[in-house]
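S.K.: So the protein lines, in turn, are chains A and B. Residues 1 to 113 (my numbering) make up the first sequence, in order. Residues 1 to 112 (my numbering) make up the second sequence, in order.
Rather than coming from a laboratory, the hints here were simulated on the basis of the structure. You may find that some hints are simply not true.
[Said to hold, decoys possible] Under the rule of at most 30 Å between Cα atoms (straight-line distance), these lysine-lysine pairs were calculated in the DSS-like manner:
| hint | chain 1 | residue 1 | chain 2 | residue 2 |
| --- | --- | --- | --- | --- |
| 1 | B | 58 | B | 22 |
| 2 | A | 51 | B | 111 |
| 3 | A | 62 | B | 94 |
| 4 | B | 94 | B | 71 |
| 5 | A | 27 | B | 42 |
| 6 | A | 62 | B | 111 |
| 7 | B | 57 | A | 44 |
| 8 | B | 68 | A | 44 |
| 9 | B | 58 | B | 42 |
| 10 | B | 111 | A | 27 |
| 11 | B | 68 | B | 57 |
| 12 | A | 62 | B | 42 |
| 13 | B | 111 | B | 68 |
| 14 | A | 71 | B | 94 |
| 15 | B | 22 | B | 57 |
| 16 | B | 68 | B | 94 |
| 17 | B | 57 | A | 71 |
| 18 | B | 22 | A | 51 |
| 19 | A | 44 | A | 27 |
| 20 | A | 27 | A | 51 |
| 21 | A | 27 | B | 71 |
| 22 | B | 58 | B | 94 |
| 23 | A | 44 | A | 71 |
| 24 | A | 62 | A | 51 |
| 25 | B | 58 | A | 44 |
| 26 | B | 111 | B | 42 |
| 27 | A | 51 | B | 58 |
| 28 | B | 22 | A | 44 |
| 29 | B | 57 | A | 62 |
| 30 | B | 57 | B | 111 |
| 31 | B | 111 | B | 94 |
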Amino acid sequence: NAGVMQNPRHLVRRRGQEARLRCSPMKGHSHVYWYRQLPEEGLKFMVYLQKENIIDESGMPKERFSAEFPKEGPSILRIQQVVRGDSAAYFCASSPQEGGEQFFGPGTRLTVL
Amino acid sequence: GENVEQHPSTLSVQEGDSAVIKCTYSDSASNYFPWYKQELGKRPQLIIDIRSNVGEKKDQRIAVTLNKTAKHFSLHITETQPEDSAVYFCAARKAAGNKLTFGGGTRVLVKP
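Can you build the whole structure from these sequences, using the hints too?
M.R.: Here it is, written out as structure tokens:
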């Protein structure tokens, strides 16, 4: 049973470009969470999605960031007009049911030049 | 919202000794407390968790204790080994919500 998959593993963007991060949950999991980890810091919650629905986006910056989890395909975290402060590791996690254990993916390390 | 404090931020122990990491949380509605281990450049991996209806849980060399009244929980690693070296994160989650609120992490170094 493949674990949570994320791609790309490393992403380099110049300021002002767009970054698209993908997350494929574990088979049978319909709940996806995105977290951001700044260097030498803990993980900070960004958004929680179920298929086709955003359940909790209380951790998402109001501008430039968006997330989706379509009926078919992976969950996407999109960052428009990236700035240097967006450089971080972005982890997604999935769970099989609401309130279940969260399994983390390997992360996408975003570097903004 | 929930706030989780974790101490110490770094911990160096001799191989074979015990390591203890402590966390406090602010929201009394939190009822699920997992601990994650993250090796350098790797994903966080769940090592043990505890729910608010129990006070202690043990899995081989790892144990977690929870004091709901004081709103703190601790991770205990006994007979530490070099492969225990990593960053450990505590987290808390409310019954009504699903997001995990993480502590700042503890970098554990086990010296051979």
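S.K.: Would you mind marking each hint as holding or not holding in the structure?
M.R.: Okay, the hints, checked on the actual structure:
{"no.": "1", "hint": "B:58 - B:22", "result": "holds, 16 Å"}
{"no.": "2", "hint": "A:51 - B:111", "result": "violated, 46 Å"}
{"no.": "3", "hint": "A:62 - B:94", "result": "holds, 24 Å"}
{"no.": "4", "hint": "B:94 - B:71", "result": "holds, 13 Å"}
{"no.": "5", "hint": "A:27 - B:42", "result": "holds, 21 Å"}
{"no.": "6", "hint": "A:62 - B:111", "result": "violated, 44 Å"}
{"no.": "7", "hint": "B:57 - A:44", "result": "holds, 26 Å"}
{"no.": "8", "hint": "B:68 - A:44", "result": "holds, 23 Å"}
{"no.": "9", "hint": "B:58 - B:42", "result": "holds, 25 Å"}
{"no.": "10", "hint": "B:111 - A:27", "result": "violated, 39 Å"}
{"no.": "11", "hint": "B:68 - B:57", "result": "holds, 14 Å"}
{"no.": "12", "hint": "A:62 - B:42", "result": "holds, 29 Å"}
{"no.": "13", "hint": "B:111 - B:68", "result": "violated, 33 Å"}
{"no.": "14", "hint": "A:71 - B:94", "result": "holds, 27 Å"}
{"no.": "15", "hint": "B:22 - B:57", "result": "holds, 15 Å"}
{"no.": "16", "hint": "B:68 - B:94", "result": "holds, 13 Å"}
{"no.": "17", "hint": "B:57 - A:71", "result": "violated, 38 Å"}
{"no.": "18", "hint": "B:22 - A:51", "result": "violated, 36 Å"}
{"no.": "19", "hint": "A:44 - A:27", "result": "holds, 25 Å"}
{"no.": "20", "hint": "A:27 - A:51", "result": "holds, 13 Å"}
{"no.": "21", "hint": "A:27 - B:71", "result": "violated, 35 Å"}
{"no.": "22", "hint": "B:58 - B:94", "result": "holds, 22 Å"}
{"no.": "23", "hint": "A:44 - A:71", "result": "holds, 26 Å"}
{"no.": "24", "hint": "A:62 - A:51", "result": "holds, 22 Å"}
{"no.": "25", "hint": "B:58 - A:44", "result": "holds, 27 Å"}
{"no.": "26", "hint": "B:111 - B:42", "result": "holds, 21 Å"}
{"no.": "27", "hint": "A:51 - B:58", "result": "violated, 35 Å"}
{"no.": "28", "hint": "B:22 - A:44", "result": "holds, 19 Å"}
{"no.": "29", "hint": "B:57 - A:62", "result": "violated, 40 Å"}
{"no.": "30", "hint": "B:57 - B:111", "result": "holds, 26 Å"}
{"no.": "31", "hint": "B:111 - B:94", "result": "violated, 37 Å"}
In this structure, the hints that do not hold are numbers 2, 6, 10, 13, 17, 18, 21, 27, 29 and 31, in rising order.
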